[in-house]
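Engineer: One-letter residues, chain by chain:
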Amino acid sequence: MKAETKNILPVYRRSSFMKPAFLYNRSLRRGAFILLFVVLSVFAGSLLTPHDILGMDPVNRLSAPNGSHWFGTDNVGRDVFSRVMYGVRLSLIIGFFVTAISAALGLAVGLIVTYSKALDHILMRICDGLFAIPSILLAIALMAALGQKPINVIIALILVFFPSIARVVRSQAMMIKEKVFIESLRAQGANAFRIIFLHIAPNVMSPLIVQVTHVFAASILIEASLSFLGAGIPEPLPSLGNLMYDGKLAIYNAWWMTVFPGVFIVLIVLGLNLFGDGLRDYLDPKSKKLNGLEKAK
Amino acid sequence: MTYGKEKELLRVENLKVSFPGPGKDIQVIEDVSFNLHKGEVLGIVGESGCGKSVTAEAILQLLDKDTTRYSGKILLKGLDLLELSDREMTKIRGNEISMIFQDPMSSLNPVQTIGKQIAEAIRIHQDVSKREAKKRSIDLLRRIGIPSPEERYKQYPHEISGGMRQRVMIAMALSCLPSLLIADEPTTALDVTIQAQILNLISKFQKDLQMGVILITHDFGVVANYCTKVAVMYLGQIIEQTDVNTLFSNPLHPYTNGLINSIPKLDEDRQKELLSIKGAVPSLAQTPKGCRFASRCEFVTDRCLEEVPTLETLKNGHQIRCWNYNDIRKAEAVYV
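Chains R and E, in that order, are what the protein sequence lines are.
With this note's numbering, the residue at position 204 of the first sequence is 204, and numbering never jumps.
With this note's numbering, the residue at position 282 of the second sequence is 1282, and numbering never jumps.
Worth double-checking, as some hints may not be accurate.
[To be verified] Heads up, simulated BS3-like pairs for lysine-lysine below, C-alpha to C-alpha not over 25 Å straight-line:
| no. | chain 1 | residue 1 | chain 2 | residue 2 |
| --- | --- | --- | --- | --- |
| 1 | R | 117 | E | 1315 |
| 2 | E | 1116 | E | 1016 |
| 3 | E | 1007 | R | 179 |
| 4 | E | 1007 | E | 1315 |
| 5 | E | 1065 | R | 117 |
| 6 | E | 1091 | E | 1135 |
| 7 | R | 179 | E | 1154 |
| 8 | R | 177 | E | 1315 |
| 9 | E | 1038 | E | 1315 |
| 10 | R | 179 | E | 1091 |
| 11 | R | 179 | E | 1065 |
| 12 | E | 1007 | E | 1073 |
| 13 | R | 177 | E | 1116 |
| 14 | E | 1134 | E | 1204 |
| 15 | R | 177 | E | 1091 |
[Stated by the list, open to error] Just a sample of chain E residues kept apart from chain R, beta carbon distances all over 10 Å, derived:
| no. | residue |
| --- | --- |
| 16 | 1020 |
| 17 | 1112 |
| 18 | 1133 |
| 19 | 1290 |
[To be verified] Output of the computed footprint for chain E on chain R, the stretches with three or more beta carbons under 8 Å from beta carbons of chain E:
| no. | stretch |
| --- | --- |
| 20 | 168-181 |
| 21 | 184-192 |
Derived from the structure by calculation, the hints contain no laboratory data.
Virtual Cβ for every residue (Gly too), placed ideally from N, Cα, C.
Let the sequences and hints guide you as you build the complete structure.
Structural biologist: This is how it looks when you write it as structure tokens:
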């Protein structure tokens, strides 16, 4: 009888200090490891390689990956490994700032419009307008208007991405606003400021965090596309997009120029998306798996 | 005290509340008047949709500002709440008038600990330090009968039971020692044993603090036990209002009669069919021309269908909105 119950009831592993609860979520764990690998390789890259990202060496151009040039060299003899690592670093920095600022902006807009119908109409129509244009086209247009500088890439991508965050925040905040506990807070004499920022804001965090990881991944992809098209990070500064563009010209002779930046884009985006999906399951109280607990095999 | 001679706490005069409906406004509350003294418990009774909760929410003006229209007077210690600005109103809410809601499951913020929420309720109206607020909240938790309050302070709403959550709501409502407490069906979502505990708790604090309480319910048992006077509502109107003893010994309105008779009695024949009031509540969008209860009343006359009955006040203060209550009483006397 006892053995039988043991089979019926799922056995759950408990989290511990060494293995915190969120690592029990499979895609969260995998995403985190991939991202950790990418970040560590960026640090390792800048420490381990003596090569300058701009230092040309025409004698050794287009040489295949070897002991001194791990990812080979490009058509003017620059070290692809250090250039890819620099590009990854640039992508992560741009992605981080774009995500952080659009999250803050999206959160502010999304929360404020729930309490003012007039603002709701104005700001949400602006967001609709930004939504109507495909994001890559909008980004190209903004870059053309602002000029080709890394800082402008960030500004353009913020304008592309903050409406989607504002949307998510707004819809969640609208739902929370109708909950009884908000009415109960009003009955306690809480003013609108307190209700919005101290009670609605924490309740919109979990969809916001999930959306943010997707925006992070998407902003890295769009930045790479912009640079690939020549509208993003200006040459000769390496970014994953313009490295692939350079590689495209020599793809039959020097596959490493295209493949390595490509692999890193895939790793970053895959890592972020796995992390985001895992986070969604982890943060969703209705998710079927018990939070932080995974069935032991 | 500066207000009234008899310590009149709340006086509601000809309160009307309307919401915009398709085509025309829908009058949800029609000419509701009552008053409440310190230490009194007013029960508002009626079936769902009769405007009990709207009356409560109107007193605190919790309804959607942009669409709801109020008229009449709501005087708290002589101060008309309907004339206050939004800002002044937030100083009344939670401080002078507190409210407890029906569903304790959803009336607490799920992402904050209960302790933090009680402390916040204190700090909204009182200028005390965080540490002092925490001390007071733990003290409040202890006083509402929650065991090991220090540990409970750190728990989230989903970690405690429904009855305990309602206790926490009471603690929050009482944190600023309000002079009026509105309890909107505080026990509907709880089981019977917990109901009694919660109502006894409210009743204990009501006596200790000499609060006025408005208890909204549809349970006549609760009314008989805890209220000092009762208003019966039907379709947005008060149809009968009197003290609790008179209501049970001498109910005048056929609707009140129906409600009281439909409660099953312990010594009754169990095979007998339970009494019920025939028909259903008409829609507020199409209120009948005459008496609103006419379509379901067994004593209906031509006058009831044509003329709206007025709220008549008898010598003993008993208020009744019915044209024929005298004839009905005689007819019933013959029956018995």
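Engineer: All the hints need checking, so say for each whether the structure fits it.
Structural biologist: Status of each hint after checking the structure:
no.	hint	result
1	117(R) / 1315(E)	violated (51 Å)
2	1116(E) / 1016(E)	violated (37 Å)
3	1007(E) / 179(R)	violated (36 Å)
4	1007(E) / 1315(E)	holds (22 Å)
5	1065(E) / 117(R)	holds (12 Å)
6	1091(E) / 1135(E)	holds (23 Å)
7	179(R) / 1154(E)	holds (23 Å)
8	177(R) / 1315(E)	violated (48 Å)
9	1038(E) / 1315(E)	holds (23 Å)
10	179(R) / 1091(E)	holds (22 Å)
11	179(R) / 1065(E)	holds (17 Å)
12	1007(E) / 1073(E)	holds (18 Å)
13	177(R) / 1116(E)	holds (20 Å)
14	1134(E) / 1204(E)	holds (23 Å)
15	177(R) / 1091(E)	holds (21 Å)
16	1020	holds (15 Å)
17	1112	violated (7 Å)
18	1133	holds (14 Å)
19	1290	holds (36 Å)
20	168-181	holds (count 3)
21	184-192	holds (count 8)
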